[in-house]
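As a plain string of letters, each chain reads:
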Amino acid sequence: MGTILHAIAGYFFLMIVVRVLTRRPGGQMTLSDFVLVFLMGGVIILSTAGNDRSLTNCTCAVITIGLLHRMVSWAKIKVPRLGAIIDGTPIVLMKHGQIEDEIMRGMQVQRADLEAAARLKGIPSLDKADYAILERNGGISIIEKEEEGDS
Amino acid sequence: MDTQAELKPVGDNVPKVDGTIAVGEDLEFQRRWWKFEKVVWSFFVLLLIADLAGALGRGPLANAKRETADGTLQVKYERIQRENTSSIMTLLPGQAAVHDGKLQLFVSDSILKEFGAQRIIPQPETSVVGAGGVTYTFPATSTPMTVQFELKPSFIGLHPFTIGVPGDEPVQAKAFVLP
Numbered sequence: 000m001g002t003i004l005h006a007i008a009g010y011f012f013l014m015i016v017v018r019v020l021t022r023r024p025g026g027q028m029t030l031s032d033f034v035l036v037f038l039m040g041g042v043i044i045l046s047t048a049g050n051d052r053s054l055t056n057c058t059c060a061v062i063t064i065g066l067l068h069r070m071v072s073w074a075k076i077k078v079p080r081l082g083a084i085i086d087g088t089p090i091v092l093m094k095h096g097q098i099e100d101e102i103m104r105g106m107q108v109q110r111a112d113l114e115a116a117a118r119l120k121g122i123p124s125l126d127k128a129d130y131a132i133l134e135r136n137g138g139i140s141i142i143e144k145e146e147e148g149d150s
Numbered sequence: 000m001d002t003q004a005e006l007k008p009v010g011d012n013v014p015k016v017d018g019t020i021a022v023g024e025d026l027e028f029q030r031r032w033w034k035f036e037k038v039v040w041s042f043f044v045l046l047l048i049a050d051l052a053g054a055l056g057r058g059p060l061a062n063a064k065r066e067t068a069d070g071t072l073q074v075k076y077e078r079i080q081r082e083n084t085s086s087i088m089t090l091l092p093g094q095a096a097v098h099d100g101k102l103q104l105f106v107s108d109s110i111l112k113e114f115g116a117q118r119i120i121p122q123p124e125t126s127v128v129g130a131g132g133v134t135y136t137f138p139a140t141s142t143p144m145t146v147q148f149e150l151k152p153s154f155i156g157l158h159p160f161t162i163g164v165p166g167d168e169p170v171q172a173k174a175f176v177l178p
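So the sequence lines, in the order shown, correspond to chains A and B. Going by numbering that gives the first Met the number 0, the letters in the first sequence line up with residues 0 to 150, in that order. Going by numbering that gives the first Met the number 0, the letters in the second sequence line up with residues 0 to 178, in that order.
Simulated from the structure, these hints should not be mistaken for laboratory data. Please note that a few of the clues may not be correct.
[Stated by the list, open to error] Calculated pairs, SDA-like style, for lysine to any residue (alpha carbon to alpha carbon, straight line, at most 20 angstroms):
(1) K77(A) - L111(B)
(2) K34(B) - V17(A)
(3) K94(A) - K37(B)
(4) K37(B) - L13(A)
(5) K34(B) - K94(A)
Using the sequences and the hints given, assemble the complete structure.
Structure, rendered in structure tokens:
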């Protein structure tokens, strides 16, 4: 009983903390992100399992978290607004080749992150990019400028 | 029988940027979210400050001391405790509490149940159950004397407790057990 309640509290608490940590630009984990994941996971497991390290207790905790995850995924489909709250929405970082400074600051994205995303798409520099969009998973999509004279 | 999968046409109802790129951006929501983030982080910082100060247990604000009016017994305890986390309750009886080389202390049942007393230091000579608690007897000589209870509460909430020397005014107090 206690484990199930602790697992529910831990799931939602971690969800809030991870959500307000802002999206990691680039969508890939760095070494410092690993520190965060392992440390947070390790700390929260202490209160979830408590002193009862039996297979029964741990199985119940895993099932609870799995069930919660399914319920949240189902709720996100049913209520799109909930999806925006939990995962955020895509954000335009660059429009018509102009960087949106307010958005970049708010999302803690650096110009270097945009340049890296452009290079990954085979675009040599940002002045050849038309749009940059920070996706919900933290990835940055770059849309190249159309060549002049293209029809 | 002809089975037909349920098909749904692709609706292009995602808000577009400049009428060309379907992003589904919601800047108004994002700005509100940034404000919400600031509130959440401010709350987290306050929570950490409260923890450092001991408002969440195990710190200066959590430490409490109660004494009987005649000074027969002084009790040092943590007014805010944490579930399944050990804390020490220290009893400092005065010389008036000792009779015939024996010190008797009454503790209410809540110390044993709600606050989960694990150990008593020193070990009592006898323990007698009754009157909503247990009366312990310790061999004693002269002050200063210290009796310690190691507590490990397993019931969340506000719990009252009573500790005293039989025949004298007891110390009555409450402590809150956090999850």
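Against the structure, the hints come out as follows:
1. For the hint pairing K77(A) with L111(B), the CA-to-CA distance comes to about 50 angstroms; that exceeds 20 angstroms, so the pair is violated.
2. For the given pair, K34(B) sits about 16 angstroms from V17(A) by alpha-carbon distance, which is consistent with the 20 angstroms threshold.
3. Restraint check for K94(A) and K37(B): the C-alpha separation of about 27 angstroms exceeds 20 angstroms, so the hint is violated.
4. For the hint linking K37(B) to L13(A), the alpha-carbon distance of about 17 angstroms falls within 20 angstroms, and the restraint holds.
5. Straight-line distance between C-alpha atoms of K34(B) and K94(A) comes to about 24 angstroms, which puts the hinted pair past the 20 angstroms bound.
Figure legend: structure checked against the earlier numbered hints; hints not met, in rising order: 1, 3 and 5.
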